[in-house]
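Student: Using the hints, build the complex out of the two chains.
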Amino acid sequence: MRILKEIIKNKAGRIALLVLVLLYFSVIFAPFFAPYPYDDDDVLHSYTPPTKIHFLNLKEKQFGPFIYGQTYEVSEYYQRIYQEDKSKIYPIKFFTKGFKYKFLGLWETDRHLFGVGEGKIYLLGADLKGRDIFTRILYGGRISLSIGLIGAAISLCIGLIIGGLSGYFGGRVDNITMRICEMVMMIPSFYLMLALRASFPPNLTSTQVYLLIIVILSFIGWASTARIIRGMAISLRENEYVYAAKAMGLSHFKIIIRHILPHTLSYALVAVVLRIPAYILGEASLSLIGLGIQDPEASWGNLLSSAMGIVNIRLFPWILIPGLFIVVTVVCFNMLGDTLRDILDPKRRIL
Amino acid sequence: MILEVKDLSVSYWSRAKYVDALKKVSWGIGEGEILGIVGESGSGKSTLALSILNLLPPDSKSQGQIIFKEKNIFKAGEKESEILRGNQIGLIFQEPASTFNPVLSMRYQFQEILQSKLNIKSKAEIEKIIFDCLEKARVRQPQRILKSYPHQLSGGQLQRIAIAIAIALKPTLLIADEPTSSLDVTIESQIVHLFKELRAELKLTIIFITHNLDLVKTLCDRVVVLYQGVVREIKAKDELFVNPEDDYTKSLLDSFSQLEE
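Residue numbers (this note's numbering), protein chains in the order written: chain U, 57 to 407; chain Y, 179 to 439.
The shape of chain Y in the complex, shown without the other chains (with noise of 0.2 Å):
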């Protein structure tokens, strides 16, 4: 196991009082491993990518442990947390239009991250390593793509240099929160191929949080189906969708199943 999620607890402050976002979760994900946590919206499923990296807002409660690589990560300081963020584990946002600053080229945002994470210095590094990996996250026209501003491009290719830069400092953990909500179909099914591929490549492993039962069908291998903060169920992938056990699962599967027909 990588990655183990023990017991954890996280309550929001909200109108004077502390709600729950998620209640006692446990599971873990092992080496190599594309994990799928399924949800629908409010389910926590974002709250939980947020706590692996302890990022949670101040406002926030939280109890159990999650450990990486036999750390608890809740008792990292400030500068280990720093560490973690980034070079160990890698974060894709849900809405790549707006995870880049507005006013910086794509260039001088992608520089900034490898100085600062990797302390790489001289400039002809960097820029191997930039091009290196634009075309591990298979994006064309490299040169034209780093002269743009965000607003210059498709959510499709944001998402690309995106994931880019998330592998540039080599984690071992990749979350993908709802990578591909925001994209059109074809673009979707390109990005998901994309992380197979990287896995392949890179020996990552990938957390891909979705409510798309498809993209978990093609992609994941086991999955962890998530409502309103409590595990119901967590399986490989092909016994989840022939042998559902929970109610909840098979609900959700029921409403998939009759999309398909």
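In isolation and in its complexed conformation, chain U is listed as follows (with noise of 0.2 Å):
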């Protein structure tokens, strides 16, 4: 409780931690946010840019937002040109009904924070299937934001359990454990991914592919936490508390779970929140080259993948928006961790 006021009086912390909280909710609730299923796709809207929306109707003096229909003609290069249908108008509704879903999974609802009933609304414009980019946006955030949580998760409780081990009896069994860390962190962790990648078979389900790339990204992080976390244990395991739990026989595994382990949270703690990034970038790279999360199934890194052509990007430069999320999400769990970093630093306070 105490951190979490700290941060919110740290000017970047506060906003760091705004924006995460605000992209976790509506990742969390994309179903509602979104006006449609993930993999709706509409070849009549293909790349379709973002739809502009308009407030003041002098014709038929109406007061709202709303949006205008839309029509294209093709151009003597074969691209379609899309242009505003002013003779349709859809009001955009709040709270109306839209595509069924199960709401956090609980209970089935249709209703959406907005729609735009018979029209098509596209907030960050549309992709090459017409699909919205908006929608898999969001949805493709539950992947990206997840993987980073989770991997992270995963990888402190390994590197906890090893660097705890190896800092707390040293000798032999640090020895060889630091050495596997190390021949961990040896291989550029980029091509360590791609070849525990290849060595799973390419045609699993989604849900596979999701586990996967969990178990190999938290597989090539945890070598570092646990050489921070073993580094601690050397220092904590000198401590006359933890001779004196010795010399009243508490067992070695009690003795690293009670008195080591917890001293170093407040560190690993800022390790894990500035390591999120690398798992959500190693998540965006594997499923850009196609390798990690396939279509219909969102996540940040394979809605850029259509990006990848200069041409694409030129023509249509709105597709270029997950690559913002990733940018600021990355951003914010830095700027989060560095001010987790001042507040833990305990020659701050004496300051």
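Some hints here could point you the wrong way.
Stated by the list, open to error - If you anchor each label on the Cβ, the simulated ranges turn out as follows:
hint: 1; chain 1: U; residue 1: Asp-166; chain 2: Y; residue 2: Gln-293; range: 18 to 28 Å
hint: 2; chain 1: Y; residue 1: Tyr-286; chain 2: U; residue 2: Leu-74; range: 34 to 44 Å
hint: 3; chain 1: Y; residue 1: Ala-302; chain 2: U; residue 2: Ser-341; range: 25 to 35 Å
hint: 4; chain 1: Y; residue 1: Ala-302; chain 2: U; residue 2: Leu-260; range: 50 to 60 Å
hint: 5; chain 1: Y; residue 1: Arg-193; chain 2: U; residue 2: Lys-65; range: 24 to 34 Å
hint: 6; chain 1: U; residue 1: Met-241; chain 2: Y; residue 2: Val-281; range: 30 to 40 Å
Hints listed in this document are in silico derivations from the structure and should not be mistaken for laboratory results. Remember, predicted model here, so these are calculated numbers, not experimental data. Quick reminder that beta carbons are idealized off the backbone N, C-alpha and C, glycines included.
Tutor: Right under this line is the structure:
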């Protein structure tokens, strides 16, 4: 609680926390915020630019947000040029009915934050198959953002156990585990990631791929956490209360769990928050080159994969928007991590 | 003899060679006795305490035997050693301020030891033992103290709690490794009295490690004089102060009596 208060006191921390909470919130309630299902394609709206939202309709003396319908004509280069069809007006309705979904997986409902009824609204444009990028960003965020948290949590657990054991016992145990750590850290992580992914069959279901990516990322990430924890455990095991616990005959396991690891937690927390971006980027890069989450499932990485060609970026710049979300998330996690580090640094409090 | 040390040698690995901390040390302690171990810094007193608990660091070498209740301590496995520590032999440390985990409350630390060492599950029973032992260790205001964290308590209070935790496991032998060096003089004499009372009440055998001859005089029955890892003299207290044989003991007693005058 005290930590939360201090984060809010810090300007960078406050902004980062706010943005992240907003992102996670909207991603958890993605079906509510999204106007369409994530795989709802519409060939008539392929690569539609972001829809303009109007507020004032002078002709019918209407006020309130609305959009016009859309038509297109094919240019001399066989490219669709979309235009507003001012004869059709679709007002944006809030808390309206749309497609059916299960709210938090609990009960079925069809309420959505907004909708336009008959028309089509593309807040951030559409992709090749005419799917709403805004919707897909929300759904993709479920995968991208959760992989960061889950992967970091798993590698923290592995790092705590291995680092704690290796630092506490020292000697041969320490030597062996640290050499393994170095071996994992030695290989450039991106190639290790590719090699690990390649060692599994390519035709997996989305859930399998999702789990596989988490396993791969935490397999790569535990080593650096373990090294940090090990260093702290070495200095902590020299504390007199650890000797006292030993002299009282507490088992090694209990000493590590109760008297060593809790003291490393504040530092480990900072290390983990600062490492979450690496997991998000790892998933994104795997999906970007088509080894991660597969279409029609969305993730921020594979949304960007359509933006790989220069022609696409030139003609339809809005397909780069998922990248913006990745950047914002990564920056926010880094800012939050830096703030946490400042707060938890005992030296700062004395000053 | 409840504990017998036979030809114990311990050496530590330091800068590419082994350095002897104890050389062929032999002594014993009978049941109900208070044995003083006297020696200056670096004479091997603490090494002795650690080797009795089989807690020597992994980079050390030891030879000889320590027989506790007819069993060689060095031959005991990890499980046996864990039972030995605490349940059979208690250890009191020099610095009460650092023997407790700074982030856990005293009640939690007391409970933790009792739960894992005595296998008591019922909360009420644990509470009863805690208050019972705190009373035995003459801790005042136990309710308030159990709620506190180590930094909120004074050295004397912490040392009493350490003693309470040690005796809660009902050990037969208590090793006190300079338990009063970091306390002021009035608290020191109170703690020394506490040891005397505990011996009478609980029939404890106590090994009292110190460099303070004054305490030896008031507390101990017999004295072992250690110097640079070698036993120089073992004698009953009264005899030692009147009639020392060894040169080192003489000079030690001389310096002590000079201070007294």
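Student: Decide, hint by hint, whether the structure agrees.
Tutor: Going through the hints against the structure:
1. Asp-166/U - Gln-293/Y: 18 to 28 Å: 54 Å Cβ-Cβ, so the 18 to 28 Å window is violated.
2. Tyr-286/Y - Leu-74/U: 34 to 44 Å: Cβ of Tyr-286/Y to Cβ of Leu-74/U: about 36 Å, so the range 34 to 44 Å holds.
3. Ala-302/Y - Ser-341/U: 25 to 35 Å: violated, 58 Å
4. Ala-302/Y - Leu-260/U: 50 to 60 Å: holds, 55 Å
5. Arg-193/Y - Lys-65/U: 24 to 34 Å: violated, 50 Å
6. Met-241/U - Val-281/Y: 30 to 40 Å: holds, 31 Å
Checked against the numbered hints above, the structure violates hints 1, 3, 5; every other hint is satisfied.
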